[in-house]
Amino acid sequence: MKSMLSRSVLAVAAIALVAGIGQVKAQDKLHSYQSGNKEFWTHPPDDWFLGDETEAQKGLAPPSGPPTGASEAELAALIKKIQLPPGFKIEVWAPGVLAARQMAWGDKGTLFVGSFGLGNVYAITDKDGKREVKTVLKGLNMPTGIAFQDGALYVAAVNKVIRYDNAEANIDHLGEGTVVYDDMPSYAAHGWKYLAPDKDGWFYIPLGPPFNIGIPPTSVSQIRRVDPKTGNAQLVALGVRNSVGGDVDPRTGRYWFTENARDWLSDDTPSDKLNMISRLGEHFGYPYCHEGDIPDPKFAMGHKCSEFTPPVYKLGAHVAPLGMKFYTGDQFPAEYKNSILIAEHGSWNRHKYQGGRIVRITVDPDGKNAKQDVFATGWIEGDQGYLGRPDDIVLAKDGSILVADDWAGAIYRISYSK
Amino acid sequence: MRSGFFLQACCSLALSLSSLANAHAADAIAAGKEKADMCVGCHGENGISQTENIPSLAGQQDQFTQWQLVFFRSGARKNEQMQPIAEQVSNEDIRNLGAYFASLTPPKDPKPDDNPDLSKKGAQAAVGRRCASCHTDSYAGTKAVARLAGQREEYLVKALHDYKSGVRSGGAGAAMTDVAYPLSDEEITALAHYLAHL
Numbered sequence: 001m002k003s004m005l006s007r008s009v010l011a012v013a014a015i016a017l018v019a020g021i022g023q024v025k026a027q028d029k030l031h032s033y034q035s036g037n038k039e040f041w042t043h044p045p046d047d048w049f050l051g052d053e054t055e056a057q058k059g060l061a062p063p064s065g066p067p068t069g070a071s072e073a074e075l076a077a078l079i080k081k082i083q084l085p086p087g088f089k090i091e092v093w094a095p096g097v098l099a100a101r102q103m104a105w106g107d108k109g110t111l112f113v114g115s116f117g118l119g120n121v122y123a124i125t126d127k128d129g130k131r132e133v134k135t136v137l138k139g140l141n142m143p144t145g146i147a148f149q150d151g152a153l154y155v156a157a158v159n160k161v162i163r164y165d166n167a168e169a170n171i172d173h174l175g176e177g178t179v180v181y182d183d184m185p186s187y188a189a190h191g192w193k194y195l196a197p198d199k200d201g202w203f204y205i206p207l208g209p210p211f212n213i214g215i216p217p218t219s220v221s222q223i224r225r226v227d228p229k230t231g232n233a234q235l236v237a238l239g240v241r242n243s244v245g246g247d248v249d250p251r252t253g254r255y256w257f258t259e260n261a262r263d264w265l266s267d268d269t270p271s272d273k274l275n276m277i278s279r280l281g282e283h284f285g286y287p288y289c290h291e292g293d294i295p296d297p298k299f300a301m302g303h304k305c306s307e308f309t310p311p312v313y314k315l316g317a318h319v320a321p322l323g324m325k326f327y328t329g330d331q332f333p334a335e336y337k338n339s340i341l342i343a344e345h346g347s348w349n350r351h352k353y354q355g356g357r358i359v360r361i362t363v364d365p366d367g368k369n370a371k372q373d374v375f376a377t378g379w380i381e382g383d384q385g386y387l388g389r390p391d392d393i394v395l396a397k398d399g400s401i402l403v404a405d406d407w408a409g410a411i412y413r414i415s416y417s418k
Numbered sequence: 001m002r003s004g005f006f007l008q009a010c011c012s013l014a015l016s017l018s019s020l021a022n023a024h025a026a027d028a029i030a031a032g033k034e035k036a037d038m039c040v041g042c043h044g045e046n047g048i049s050q051t052e053n054i055p056s057l058a059g060q061q062d063q064f065t066q067w068q069l070v071f072f073r074s075g076a077r078k079n080e081q082m083q084p085i086a087e088q089v090s091n092e093d094i095r096n097l098g099a100y101f102a103s104l105t106p107p108k109d110p111k112p113d114d115n116p117d118l119s120k121k122g123a124q125a126a127v128g129r130r131c132a133s134c135h136t137d138s139y140a141g142t143k144a145v146a147r148l149a150g151q152r153e154e155y156l157v158k159a160l161h162d163y164k165s166g167v168r169s170g171g172a173g174a175a176m177t178d179v180a181y182p183l184s185d186e187e188i189t190a191l192a193h194y195l196a197h198l
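So the protein sequences, as listed, match chains U and R. Going letter by letter, the first sequence gives residues 1 to 418 in our numbering. Going letter by letter, the second sequence gives residues 1 to 198 in our numbering.
Source of the hints: derived by calculation from the structure; they are not laboratory data. It is possible that some hints are incorrect.
[What the hints assert, rightly or not] In silico lysine-lysine, DSSO-like type, Cα no more than 27 Å apart, as pairs:
1. R:Lys-143 to U:Lys-352
2. U:Lys-108 to U:Lys-352
3. R:Lys-35 to U:Lys-134
4. R:Lys-78 to U:Lys-138
5. U:Lys-368 to U:Lys-314
6. U:Lys-138 to R:Lys-111
7. U:Lys-89 to U:Lys-108
8. U:Lys-138 to R:Lys-143
9. U:Lys-298 to U:Lys-58
10. U:Lys-337 to U:Lys-298
11. R:Lys-158 to U:Lys-134
12. R:Lys-143 to U:Lys-81
13. U:Lys-298 to U:Lys-229
14. R:Lys-35 to U:Lys-160
15. U:Lys-337 to U:Lys-314
16. U:Lys-38 to R:Lys-143
17. R:Lys-35 to U:Lys-138
18. R:Lys-78 to U:Lys-160
19. U:Lys-138 to R:Lys-164
20. U:Lys-58 to R:Lys-78
None of these values were measured; they are calculated from a predicted model.
Sequences are here, hints too, so could you generate the full structure?
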């Protein structure tokens, strides 16, 4: 009697204890999500819910930058910390370009710059040797993608490409513009665009899936080639995750692009990629296979990595390669000709951030013999400290390059002299 | 002797550097206070709003305040009253205002909670919706995530409804829109009451 009572008391106590711990654990649970439905795509959670959180990577979340960017004093200190190869120097070309993203030159020397999250498009002109930064468009939906063609400014927002005619003459009153392409979904996550023009005046436009990993809606996870004159579009690449940079190889006319691989697998896998399209409709593996050789643990769906096109180069895990350009100028040493310069935005889903720099890839036109050199580095301090985050590169007429930084809200110029 | 001197030099250097940093912070707060004269009319003295649907700013997270001004200025967050005002502020003003409001004592309702049951429901809703995972356990916020504790009750109701309907956008709006979307009116009422009385 006595022993039975005490046993049941103990049992109740044990259950209460376990229940108590269980309650704490429920709150401490790893975040997970069900991304396979339209509800998720149209009401997406913020970035760090975009994946099944793992115990190893628990708690990692995208860092928030300084809302007003880096002050001029901070920028002056920053550039002293950037390491470059001998003969190269970096300077601040324009401060106060908050959340600066893709850049494109107008015919008359105006630099147009898109932005991430603020809805702005900037125009930067030279006024008596000093840069003047003007916000010429406001209130657009994530206008990261910028191009300039035949006197017109093109802006790519999440689900439309808008043309502003005679842009430099009308710089202070660009107006509403004309929508030239809008057959794109409005999913916000990975919806920010990049515009890479080719010699026919068509744009390569990447469309990203509205989550980290899953079976993407058929309207995304791809690259299209779009004619802004007619709105005709071709599907040129499939199985692409988040690409926010690309350029046409001047040697072959082929389109090369950077790609951000999935998160929440580990600090060191899978690698981000540099890819090349060599035939129409090539499939680059997402979501089934990552970095050319890692089948996805949940979404491989019976496919082998050998079915897909591997990357030309594995850039490293969580380096976040974004804007890229083939260097075609004459200012840099001869060996830079036709090298690819890639702006790496840096990590968030890794305990020790990497990237946050510019790398140079030299590779044959057929994609073989790729090798990497670090070109400019120093924007990351310590394990998780950002001084800035490079995200795009554009060539200047004199052969120097401009680099956009959306964390420090500035544009740098990197030049070479013997 | 030598190492002692070195240590002393380091200490005094560290002290003077930290006091330099403190001096910079104090400068920002003083400059922010001056600039904030134009905010008092709506947001109240000492950052404590006495006006319905206008939030208190006292004790608000520095980065959060800065982001809202940046969003108002760019039009990413739409507000007819704030937009023309924000268009007048420079980046330096924004940094100073952020520092100033963060330095103020957060609002605290002097009256006792007139509906503790509702607060209890609100506390449970906050746990269920994991608000603390971003807003921290004290709901004082951190970095770019807002302080909720002590905010005006009807303003919290308005904000949650604005996020839920998609009317309020900008920045972490994507996160808040998702969180607010499934909230019921009862939950919103309870959450606002609970947080306002913290």
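Structure-based check of all given hints:
no. : hint                   : in the structure
1   : R:Lys-143 to U:Lys-352 : holds, 20 Å
2   : U:Lys-108 to U:Lys-352 : violated, 43 Å
3   : R:Lys-35 to U:Lys-134  : holds, 24 Å
4   : R:Lys-78 to U:Lys-138  : holds, 11 Å
5   : U:Lys-368 to U:Lys-314 : holds, 13 Å
6   : U:Lys-138 to R:Lys-111 : violated, 44 Å
7   : U:Lys-89 to U:Lys-108  : holds, 26 Å
8   : U:Lys-138 to R:Lys-143 : holds, 26 Å
9   : U:Lys-298 to U:Lys-58  : holds, 19 Å
10  : U:Lys-337 to U:Lys-298 : violated, 42 Å
11  : R:Lys-158 to U:Lys-134 : violated, 34 Å
12  : R:Lys-143 to U:Lys-81  : holds, 25 Å
13  : U:Lys-298 to U:Lys-229 : violated, 41 Å
14  : R:Lys-35 to U:Lys-160  : violated, 39 Å
15  : U:Lys-337 to U:Lys-314 : holds, 21 Å
16  : U:Lys-38 to R:Lys-143  : violated, 32 Å
17  : R:Lys-35 to U:Lys-138  : holds, 25 Å
18  : R:Lys-78 to U:Lys-160  : holds, 21 Å
19  : U:Lys-138 to R:Lys-164 : holds, 24 Å
20  : U:Lys-58 to R:Lys-78   : violated, 34 Å
In summary, the numbered hints that this structure violates are 2, 6, 10, 11, 13, 14, 16, 20.
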